[in-house]
Amino acid sequence: MSIVTVQLGQCGNQIGHEVFSALCSDIRGTHGLCSKKENESYHDSCKERFFCEEESGVPVARAVLVDMEPKVISQTLSTAARSGHWKYNRHSHFCQKQGSGNNWASGYSVHGPRHKEAIMNLVQKEAEKCDRLGGFFTMMSMAGGTGSGLGAFVTQCLRDAFPTSFILNHVIWPYGTGEVIVQNYNSVLTLSHLYQSSDALLVHENDVIHKICAQLMNIKQISFRDVNQVIAHQLGSVFQPTHTAGEGSGYSRNPLGDLMETLVPHPEFKLLGLRNIPQMPENSLPYSTFSWPGLIKHLRQMLIANAKMEEGIDWQVRPPPPGSSIPSTNKPLHFNTSIANLVILRGKDVHGVDLGSFQDPSLYTSWLNPQDAFSAWKTPRAFNKYEKSASLVSNSQFLLKPLDSIVGKAWNMFASKAYLHQYTKFGIQEEDFLDCFTTLEQVISSYTNL
Amino acid sequence: MTQSVVVQVGQCGNQVGCRFWDLALREHAAVNKKGIYDEALSSFFRNVDTRSGGNGPDIYKGKIRSLKARALLIDMEEGVVNEILQGPLRDVFDSKQLITDVSGSGNNWAVGHKIYGCQYRENLVEKLRKTAEHCDCLQCFFIIHSMGGGTGSGLGTFVLNLLEEEFPEVYRFVTSVYPSGEDDVITSPYNSVLAMKELNEHADCVLPIENESLFEIVNKINQMINSGKLGSTVKQNSLVTSSAGSAKTLQEKPFDAMNNIVANLLLNLTSSARFEGSLNMDLNEISMNLVPFPRLHYLVSSLTPLYTLADVNVPSRRLDQMFSDAFSRDHQLIQADPKHSLYLACALLVRGNVQVSDLRRNIERLKPSLHFVSWNQEGWKTGLCSVPPVGHSHSLLALANSTCVKPTFIELKDRFMKLYKKKAHLHHYLQIDGMEQSCFSEAISSLSDLIEEYNDLDATKGGPRIDPSRLKIAV
Chain A
1 MSIVTVQLGQ CGNQIGHEVF SALCSDIRGT HGLCSKKENE SYHDSCKERF
51 FCEEESGVPV ARAVLVDMEP KVISQTLSTA ARSGHWKYNR HSHFCQKQGS
101 GNNWASGYSV HGPRHKEAIM NLVQKEAEKC DRLGGFFTMM SMAGGTGSGL
151 GAFVTQCLRD AFPTSFILNH VIWPYGTGEV IVQNYNSVLT LSHLYQSSDA
201 LLVHENDVIH KICAQLMNIK QISFRDVNQV IAHQLGSVFQ PTHTAGEGSG
251 YSRNPLGDLM ETLVPHPEFK LLGLRNIPQM PENSLPYSTF SWPGLIKHLR
301 QMLIANAKME EGIDWQVRPP PPGSSIPSTN KPLHFNTSIA NLVILRGKDV
351 HGVDLGSFQD PSLYTSWLNP QDAFSAWKTP RAFNKYEKSA SLVSNSQFLL
401 KPLDSIVGKA WNMFASKAYL HQYTKFGIQE EDFLDCFTTL EQVISSYTNL
Chain B
1 MTQSVVVQVG QCGNQVGCRF WDLALREHAA VNKKGIYDEA LSSFFRNVDT
51 RSGGNGPDIY KGKIRSLKAR ALLIDMEEGV VNEILQGPLR DVFDSKQLIT
101 DVSGSGNNWA VGHKIYGCQY RENLVEKLRK TAEHCDCLQC FFIIHSMGGG
151 TGSGLGTFVL NLLEEEFPEV YRFVTSVYPS GEDDVITSPY NSVLAMKELN
201 EHADCVLPIE NESLFEIVNK INQMINSGKL GSTVKQNSLV TSSAGSAKTL
251 QEKPFDAMNN IVANLLLNLT SSARFEGSLN MDLNEISMNL VPFPRLHYLV
301 SSLTPLYTLA DVNVPSRRLD QMFSDAFSRD HQLIQADPKH SLYLACALLV
351 RGNVQVSDLR RNIERLKPSL HFVSWNQEGW KTGLCSVPPV GHSHSLLALA
401 NSTCVKPTFI ELKDRFMKLY KKKAHLHHYL QIDGMEQSCF SEAISSLSDL
451 IEEYNDLDAT KGGPRIDPSR LKIAV
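One line per chain: the protein sequences are A and B, in this order.
Residue 1 is where the first sequence starts when you use the numbering used here, and the numbers rise one by one after that.
Residue 1 is where the second sequence starts when you use the numbering used here, and the numbers rise one by one after that.
No wet-lab data here; the hints were simulated from the structure.
Mixed in with the good hints, there may be bad ones.
[Stated by the list, open to error] Capping the alpha-carbon separation at 25 angstroms, the derived lysine-lysine pairs in BS3-like fashion look like this:
#1 B:K61 <-> A:K97
#2 A:K36 <-> A:K348
#3 A:K417 <-> B:K197
#4 B:K34 <-> A:K97
#5 B:K367 <-> A:K211
#6 A:K417 <-> A:K47
#7 B:K421 <-> B:K406
#8 A:K348 <-> A:K378
Same shape as in the complex, but just chain A (with noise of 0.2 angstroms):
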């Protein structure tokens, strides 16, 4: 089953060009470490989900570009072709010339209406291009115009012309200090609107990466690019071909529904957050050895305890002693509650692995069955030359610190009318500010009494 990526705003480009390109990368690699069958698979499933064939041989993304300025799309679509290992088709992007201006509203309220005709009409021809759609995937970020705001209306045109197709929206979460300053106002009004049409929101915060740029990566400089590599493999340890029903079934044939169905048993929890390890510079990977054990007890710190990255984890903190049902407020401090976890797993010897203390039921929620809520998917093809690799998704309180400040800062904004006038010259009245944070609060509320 293929997925068409849609890639909005300079965000959304320029991210979603690195991960074709190291999804693309990975295929070709000879660092496998499995069988020679295993790997044919692993190579065909990749590209019959994201890659089409052409007559040069040259696999072309199933992807749409939309930019409502036109610098990013054209550097986005030649550094692609120069690689010659892949390219996008070169009729499957719209722009503009203007930009959204950071401003919301110009992308939901006036770009969005003027151009969807012609948006809708590349993504349906890439939708036909597939034997079977599996779903679709946009990419944006929240903080500015184009991404944000044409990103929201956009996923409610996909909604409404698909509406059994699944739909997962991967969101940049800003810095905290700063890249827009209107960027709450933007992420408010992006999130619940997704909200309404979205199956799921994958997260991706900025500090998050840039953390595991400087500490993890020893990057000195951080660029943009390198921030954008670290997602790429993020998110390409969890979209690569898994066996998602145990040793000797063929690759999934559904990866979005598959997902969905792990993780989001209810439609008020649909933010998911994503955490990978091991997580280092290429050149100290043939210096390094890792051990299963050892990265599952990590992994399940890092959800227990709501840990960003491997460094710096909390050991302190436990799951509340079980058979009691405590409410919520007793439960101890910085636990993390989770709704539905999945941990995928790539690279040697994986079917052997226990993955038991991911099933304790202190971990969750008390309304799923232990056993549904958690699932596991497992490939012994590497990934991307790690020797083993370890992602867990989660439906967990990940986010819900981030989207309280996120809340926090624009409500105190709002409360001083400051930059409205920005939003209702466009449409975005006062009211409708108000529904926004009213589903958001909602949301919160919700992810705080688990």
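Place chain B on chain A using the hints.
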């Protein structure tokens, strides 16, 4: 890619404008090695084939034939414009882009605004329409003028009004040179305050500049060069005051060096819209992020570094120094001290080989020493453009919406009141058709209101921070 049109009005406006085109050509020549007319060039220049007398259609692709500035040169006396047309830039403009007269405005805002405004209205509209038609997607008008005289101040603000009426969707960024205390034009306070009212009501963004600050910066640079304190030699073409082509330290005309600074300001402001980068910052984003309330649209700017040393190695310390300098009092283009005022918003546009981690590190470092308004504690707008300015490996433009503009306005009001109380020189204005006493009282009232708004904001500074309580949700 979008286009911008520069409207230069009056002597000051045209002299600064002339420097701007000079430096813009130099910048593009340094970047555009192949001589192909590209999108970056098209933001400020048209490409025409002059063999057909400049009447042929614009050439959108291919080799550069003849570049024409997207500009309108307006002056009510001929001296300055004629000089431009006889100088090295004569081929960049053509006669259809000029509006001139002979007698000047006599340093009288009313003459510029009411008399010439009326007289040239149709001509202006026609020429503006023509320039706009040559643009595929016109995003912004840049007006360059001074506030103290008659033409730049009066006719300049008339044009501002006109632009709002005829092109309401296009942004209006105004670069205004404010008169200094020792200005030799006695009526400059009147002209400035009358113009301020227009700026308050019709401009999207104003970048105020004071001659005193420019002068101090030029002096500082000259001192540095002449004192020989610097270990290595200064790269001549990297001076924020230098011109294209020649590498002269001695400026032939005293205002050239100062005007180059303003020209560089405009180049840096538009750099991220013209060139690529990892975090683009377009002109509409500047307006969106830096103007929280419609009337508070005055942005204090600073440019660093003022020069680079020939030593190409750039340790982070030097990079960090660039950020520190951007917030120091002596790098601001008006007499202001941002560190002791209240920031509503701040934008940092970095050019060259600077990455997001450098930006983050410096923001974290500088934040504690700056006071931000309570509802925008972390309000920074940042942009990263990969192409550095000529002669530099990196540079920074800081734009601040801050209460540090207040002293400039208060002084202006004081100077105005000194004259107005005595009714000095008023008759020169009131005798003009369309001018009444109420024009003056409305103008000073508009300025007073603006000062009050800044005062109110300052009053919140340092006070206890009480965050408004959040919405409560029924569980």
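Is it true that the CA of K417 (chain A) sits at most 25 angstroms from the CA of K197 (chain B)? Cα-Cα ~24 angstroms, so holds.
Are the Cα atoms of K348 (chain A) and K378 (chain A) separated by 25 angstroms or less? holds (10 angstroms)
Tell me if the straight-line CA distance from K421 (chain B) to K406 (chain B) falls inside 25 angstroms. holds (22 angstroms)
Given the hint that K34 (chain B) pairs with K97 (chain A), does the C-alpha gap stay at or below 25 angstroms? Holds, at roughly 24 angstroms.
For the pair supplied as a hint, K417 (chain A) and K47 (chain A), confirm whether the alpha-carbon distance does not exceed 25 angstroms. Distance ~50 angstroms between K417 (chain A) and K47 (chain A) Cα, so the pair is violated.
Holds or violated: K36 (chain A) and K348 (chain A), Cα atoms, limit 25 angstroms. holds (14 angstroms)
Going straight from one Cα to the other, do K61 (chain B) and K97 (chain A) come out at no more than 25 angstroms? holds (17 angstroms)
Does the structure keep K367 (chain B) and K211 (chain A) at a Cα separation of 25 angstroms or less? holds (19 angstroms)
The earlier numbered hint that this structure contradicts is number 6, and it is the only one.
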